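What follows is each chain in one-letter form.
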Amino acid sequence: MATDLAPPPVKAVPDPGRETEKVPIRVALLRYRWLYLMLIPGLIYFALFKYLPMYGLTIAFQDFVPFLGYSGSEWVGFKHFEDLFTGPDFGRLLSNTLILALLTVIFVFPAPIIVALMLNELRVGVLKRSIQSLIYIPHFLSWTIVASLTYLLFAVDFGVIANFIHDVLGGPRVDYVAQADWFRPIIIMQTLWKATGWGTIIYLAALASVDPNLYEAARMDGAGRRRQFWHITLPAIRPTIVVMAILTSGNLLDASFEQIWLMTNSLNRSVADVFDSYVYYVGITQGAFSYSTAVGLFKGLAGVVLIFGSNWLAKRLGQRGLF
Amino acid sequence: MSVNHYKSFGSRVFDALNIALLVALALVTVLPLLYVLAGSFATESEIATRPFFLWPEKFVTDTYEYIFGTGAFVRALITTICVTAVGTAVQVMLTLTMAYPLAKRYLPGRALVLNLVIFTLVFSGGMVPTYLVVRDLGLLDSYWALILPLAINPFYLIIVKSFFQELPQALEEAARIDGCSEMGVFLKIVLPLSKPIIATFSLFYAVGIWNDYVSPLLYIDDSSKWTLQVLVRQLTSADAENALAQLDSVFFPAEGLKFAVIVIATLPILFFYPFLQKYFAKGVLIGSVKE
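One line per chain: the protein sequences are A and B, in this order. Just so we're aligned: the first sequence equals residues 1 to 323 in the UniProt record's numbering. Just so we're aligned: the second sequence equals residues 1 to 291 in the UniProt record's numbering.
If we strip away everything but chain A, and leave its shape as in the complex, we get (with noise of 0.2 Å):
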């Protein structure tokens, strides 16, 4: 990204209207008017749905009152976030979401990592071509589904894994989506199905970089399958493990609003409740804007200091960070 934003190297060949140097803002303006044209309406979006909820988050400063709008609202200081902290509901908002953070580093994170390596020792063709076909599907279904999916095969009365922990585990006869000690554990076997086939993509293409030749010469020199393992593949795929881990973590606390509410009932809201569900159930369904909004800030910038923070650990570690 960093070079991309550099200036452009200097053309061998003369290239007129296409020079580099610094032109006065008027003529840029003439000279590209049909390149500005076409950015307006991009420059239009992101003012309005980027930016314009970044000004926004003023709110959480105020007792925003919508009649009054962003300038009239009194203002309030922190006094929203003074009583996030000390309210009643924070630390379950954040053990609930640290926890489904760190499943979600020990079960999610390593999966599609295993699964790539697993894929790349088949050696038939057809074969590795046919799971990758199958594994990738329930990344393009939708959360609504996948929660439908899960509410008929736990369903008491009929459904398959229900029935599979009754009959064959021998396990009580009970409502597991409603159950608070079972939405940990669904959630987290939701995004394996969901995300694992998917997420294999990224590291399959680092393996496939990898030069054949480097495989070639270790077994020349005596090296085993487990040897080449450890000593090629691995390394092979070491940055983009690291990439994808920064990434990771700057969405830890994001914990899929939309996968969560789905799943969230009366009966383990005790269990269900992070952040983000809890922004949209006390902002939108309560209307408490300015709350919610502190709320939401505050998730925001905790996931920003979590990429830049390991962003920064990568780089220390000696590894190549993101940016």
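Note that these hints are calculated values from the structure, not bench results. Only a predicted model underlies this, so the values are computations on that prediction, with no experimental measurement involved. Idealized CB from N, CA, C, for every residue including glycine. Be aware that a few hints might be false.
[To be verified] The calculated lysine to any residue pairs, modelled on SDA-like cross-linking and capped at a C-alpha distance of 25 Å, are:
(1) A:K128 to B:K104
(2) B:K104 to B:V86
(3) B:K104 to B:L31
(4) B:K278 to B:I158
(5) B:K188 to A:L30
(6) B:K225 to A:L30
(7) B:K104 to A:I44
(8) A:K128 to B:L31
[Unchecked claim] Some chain B residues judged to face chain A by a derived CB distance under 10 Å, without partners named:
(9) F9
(10) S11
(11) Y35
(12) T43
(13) I47
(14) V60
(15) V128
(16) P154
(17) N211
[Claimed, not checked] Chain A is nowhere near these chain B residues, computed Cβ spacing over 12 Å in every case:
(18) D15
(19) L21
(20) F52
(21) W55
(22) K58
(23) G69
(24) V74
(25) L77
(26) I81
(27) C82
(28) P108
(29) L171
Chain B: place on chain A using the hints.
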């Protein structure tokens, strides 16, 4: 990996185990979908009594007859198709027109705009401020609320921009020398060369809108404007009985209905899946190319 040829016993055991596990993974992925498909054609009693099946004993279509005979379903289906079609067109047009100028390295101000775009990947106003903007624009309960707030995906924009940058510049230069304006170059030279990437991102955007549940949840109150995803949710969630009561009918195959509505909401995606698969890996990987 044809480079690896091993004949040792341990190696063969590993291969057998590896294949077994991967096949199991593929089965776990598709069996639930096949079960739902089979269940949607089965009778209520079969769903209730048989623990698992991939082919119904008695093949019935009453759930589908019911669905396509119910106003709410048909309306939701038509709504979703229209919103997806219009939305995809808007999104693709906006993304292409913005990506093209951003691909011109010599354009003054380009770096600033790019940085503003990249910043939105790291930080955003979040749900409530965005909701307030949509509300202030008067878009609540409007189909445009399902399209405009998501009109440009910054990730896709950057990928398309990288693609434009890699197009051979000689063609564009030739057209310019022939007196073509930048707009002309874009329409006559660049777009025809970009068919694969246009196809890719049309599909990505279309799947995104089709699958979107959060936008209707946030911005649509009026139940006559429900999309398919909302309907799926209403019918299969814990309080499904309420939703069913809202529908205008005496008899409905309650469980089978859940199966069928999942099938209907999934089928278009699966229909386009071969195309998605053809292009998606390319799309994902273009993004990962370091410039």
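Verification of the hints:
Straight-line distance between C-alpha atoms of K128 of chain A and K104 of chain B comes to about 40 Å, which puts the hinted pair past the 25 Å bound. Between K104 of chain B and V86 of chain B the CA atoms are separated by roughly 29 Å; this puts the pair beyond 25 Å, and the hint is violated. Proposed proximity of K104 of chain B and L31 of chain B is contradicted: the alpha carbons are some 48 Å apart, above 25 Å. Only pairs whose Cα atoms come within 25 Å are accepted, and K278 of chain B paired with I158 of chain B is accepted, the gap being roughly 21 Å.
Annotation: proposed proximity of K188 of chain B to L30 of chain A holds, straight-line Cα distance about 22 Å (limit 25 Å). Only pairs whose Cα atoms come within 25 Å are accepted, and K225 of chain B paired with L30 of chain A is rejected, the gap being roughly 45 Å. At roughly 20 Å between alpha-carbon atoms, K104 of chain B and I44 of chain A fall within 25 Å of each other, so this suggested pair holds. Distance restraint check for K128 of chain A and L31 of chain B: the Cα-Cα separation of roughly 18 Å lies within the 25 Å cut-off, and the hinted pair is therefore satisfied.
Because the closest C-beta pair between F9 of chain B and chain A is about 12 Å apart, greater than 10 Å, the hint is violated. Given the 10 Å rule on beta carbons, the hint for S11 of chain B holds: about 6 Å separates it from the nearest Cβ of chain A. For the restraint placing Y35 of chain B at the interface with chain A, the shortest Cβ-Cβ distance is roughly 7 Å, inside the 10 Å limit, so the hint holds. With a least beta-carbon distance of about 12 Å to chain A, the hint placing T43 of chain B at the interface is violated under the 10 Å criterion.
A hinted interface residue such as I47 of chain B counts as satisfied when its beta carbon comes closer than 10 Å to some beta carbon of chain A; here the least separation is about 6 Å, so the hint holds. A hinted interface residue such as V60 of chain B counts as satisfied when its beta carbon comes closer than 10 Å to some beta carbon of chain A; here the least separation is about 17 Å, so the hint is violated. Because the smallest distance between the Cβ of V128 of chain B and any Cβ of chain A comes to about 4 Å, under 10 Å, the interface hint for this residue holds. Interface restraint check: P154 of chain B against chain A, minimum CB-CB distance 8 Å, threshold 10 Å, status holds.
Below 10 Å, beta-carbon pairs count as interface contacts, and N211 of chain B has one with chain A at about 3 Å; its hint therefore holds. D15 of chain B, annotated as away from the interface, has a beta carbon of chain A within 12 Å; the closest lies near 7 Å. Not every CB of chain A is more than 12 Å from the CB of L21 of chain B (nearest about 7 Å), against its label as outside the interface. Not every CB of chain A lies more than 12 Å from the CB of F52 of chain B, the least distance being 5 Å, so the non-interface label is violated.
The claim that W55 of chain B lies off the interface holds: its Cβ sits roughly 15 Å from the closest Cβ of chain A, which is beyond the 12 Å cut-off. Every C-beta of chain A lies more than 12 Å from that of K58 of chain B, the closest at about 16 Å, which supports listing it as non-interface. Taking the minimum C-beta to C-beta distance to chain A, about 21 Å, the non-interface status of G69 of chain B holds against the 12 Å cut. Non-interface status of V74 of chain B relative to chain A is upheld: no Cβ of that chain comes within 12 Å, the nearest being about 19 Å off.
Every Cβ of chain A is farther than 12 Å from the Cβ of L77 of chain B; the closest lies at roughly 15 Å, confirming the non-interface assignment. Listed as a non-interface residue, I81 of chain B keeps its Cβ farther than 12 Å from every Cβ of chain A; the least gap is roughly 15 Å. Residue-level check passed: C82 of chain B sits 18 Å from the nearest beta carbon of chain A, beyond 12 Å. Separation of P108 of chain B from chain A is inadequate, the least Cβ-Cβ distance of about 5 Å not exceeding the 12 Å criterion.
Distance check on L171 of chain B: its Cβ is at least 15 Å (rounded) from any Cβ of chain A, clearing the 12 Å threshold; non-interface status holds.
Checked against the numbered hints above, the structure violates hints 1, 2, 3, 6, 9, 12, 14, 18, 19, 20 and 28; every other hint is satisfied.
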